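For the sequence shown, the working numbering assigns the number 4 to the initial residue and increments by one for each residue that follows.
Just so you know, not all the hints are guaranteed correct.
Each pair of labels, with its calculated beta carbon distance range [stated by the list, open to error]:
| no. | residue 1 | residue 2 | range |
| --- | --- | --- | --- |
| 1 | VAL83 | ARG115 | 31 to 39 Å |
| 2 | GLY64 | ALA94 | 56 to 64 Å |
| 3 | GLY93 | SER144 | 39 to 47 Å |
| 4 | SER144 | ARG115 | 17 to 25 Å |
| 5 | ALA95 | GLU44 | 25 to 33 Å |
| 6 | ASP146 | TYR96 | 24 to 32 Å |
| 7 | ARG148 | ALA94 | 22 to 30 Å |
| 8 | VAL157 | SER65 | 45 to 53 Å |
| 9 | SER65 | GLU44 | 27 to 35 Å |
| 10 | VAL158 | MET125 | 29 to 37 Å |
Hints in this document: simulated from the structure, not taken from any laboratory. Just so you know, these numbers come straight off a predicted model, no measurement behind them. Beta carbons are placed, not taken as given, at the ideal position from N, Cα and C, and that holds for glycine.
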Amino acid sequence: MTKYSYILIFAVYLLIWGCAENQEPPLATPQFEISKVRLDEAWNLKNTDPYTVEVHVQTSGSTSELLPVVLEVSDGMGSVLYTDSLYDDGAAYHPDDGDVIAGDGVFRNRFRADQITDQPVMLTFSFQASDIKNEQSAVYSTDIRFDNNYKPVVV
C-alpha cells in the first residue's frame, strides 16, 4: 500500500467517526394516540335518541392492550360534570355502546343529551386513551353545544 492509501483510509475513518450522531435514548412515550374523534357539534336536549361518540386510537402495538377511552365532560370553569367510557368490544360486553367491530381501535358509546346536562350550555368533551401499562395518550378536547330545539312540524 502506498502512503496515499493510508491517508485515504484514515480520512474515510475520520469522516465516518465525525459524522456519527450521538443519539439519546428514545423517550418513554406511549405508542398510541387519538387520531380522530367523531361526534355531533350540537346536541338537542329535546332529542330522546342517543348520540354516538366515536374515537379512533392509532397504535403501533396490539389494540388488545388498550383500555376503554375515558370521556370527561366539563363546563367553562373546568369542573367535571360527567365521566364515562368508550369501548372497543364490538358491543359484546356493553350491548348499547354502538361499537361494531371489536379490537379495531375504534371506541364508541352512545349518550342522550339529558344524561349529561339539562341546561342549554357549551361543554368541553375531553378524551384520553390508556393501556394496561398505565401509559396515557395526550388529551383530545372539543366543545359541544347543548340547546333546547324542537323538531320541525309540518303544517
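Right, here's what the structure says about each hint:
1. VAL83 and ARG115 have their C-beta atoms about 19 Å apart, which leaves the hinted 31 to 39 Å range violated.
2. As the Cβ distance of GLY64 to ALA94 is approximately 24 Å, the hint placing it in 56 to 64 Å is violated.
3. Checked against the given bound of 39 to 47 Å, the beta carbons of GLY93 and SER144, roughly 27 Å apart, lie outside it.
4. Our hint of 17 to 25 Å for SER144 and ARG115 holds, since their Cβ atoms are close to 21 Å apart.
5. Taking the beta carbon of each, ALA95 and GLU44 are about 30 Å apart, inside 25 to 33 Å as hinted.
6. The hinted range of 24 to 32 Å is satisfied by ASP146 and TYR96, whose Cβ atoms lie roughly 30 Å apart.
7. Taken as a hint, the range 22 to 30 Å holds for the pair ARG148 and ALA94, whose Cβ atoms sit roughly 28 Å apart.
8. Evaluation of the 45 to 53 Å hint for VAL157 and SER65 yields a pass: the beta carbon distance comes to about 51 Å.
9. As the Cβ distance of SER65 to GLU44 is approximately 33 Å, the hint placing it in 27 to 35 Å holds.
10. Between VAL158 and MET125 the C-beta distance comes to about 32 Å, which sits within the given range of 29 to 37 Å.
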